Amino acid sequence: MNFLLHRHLAEAHTGSRAAGAGAMLPDLWRMADRRVRPRDSVEVGASLEGRLPEVLAGIRHHVAVDHWFHHHRVFLEGEKLVAARMREAELEAKRMGLLAHVTWEMCLDGALLRKAGFEVTRAALAEGFSAIEGELERAASIHHWGAIERTPEERAAFEARMKRIRAELERGPWIEGYQWGEGIALRVSGVRARLGLPPLDAPDHARLGQALDGVAREADATLEEILRAPPPLGDPRPIDSAFLPPRA
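The sequence shown begins at 1 in the numbering used here and counts up one residue at a time.
Some hints could be false.
[Stated by the list, open to error] Straight-line alpha carbon distances no greater than 30 Å define the calculated DSSO-like cross-link-like pairs of lysine-lysine that follow:
1) Lys-94 to Lys-115
2) Lys-115 to Lys-80
3) Lys-163 to Lys-115
Derived from the structure by calculation, the hints contain no laboratory data.
It should be emphasised that the depicted structure is a prediction, and the values quoted were computed from it without experimental measurement.
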């Protein structure tokens, strides 16, 4: 699942915009440094201040949702559909089948934007980041930097990349493009570049964009099924009470 849908589900399930922002972090961490990933269990102090408990709750939600999602037909059938459409498009680029996974996830983010609205989603994303100002670094320390030996230079580079990613997300065009095949094709080309593969040429970009426009209806229907699914960590709120402040 990609970060926009993670954000939406975590906020919907917890009632916390900060948890929604936290649920995006594992995906954004990997963009900044592929070695930075959430740990299955983390040691935290008995008392956590500020919005950090909600951020950690969002990360836990992300991990639980991904475990459900990647074993469910909403992902498995969608990935197969995208792979089939890629083959039918007769793309010249090699190893496109490897990217059917992330491409389907971006298609679902596009479905969310069509349903919820781009500006509403962008505003919620920006508000979430503002809500957890100062907690981003603490969450990364708990899940990675506090347990893995890395240099100060590596951490500084990671934090600089995270700031650039946040700025681009809040600016808007990156996520707005998920609504259309052409925009997703642009992001797929960027993923290829990060993996050391050649970017898509103009004809492949056009063919892929057209192919992905052809799965929008299936993505919209799948999104509705995902939104009806029960929370992954319990009902009605999916977060362990130890990670959230008491409700009023």
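Checklist line | Violating hint indices (sorted, rising) | finding: 1
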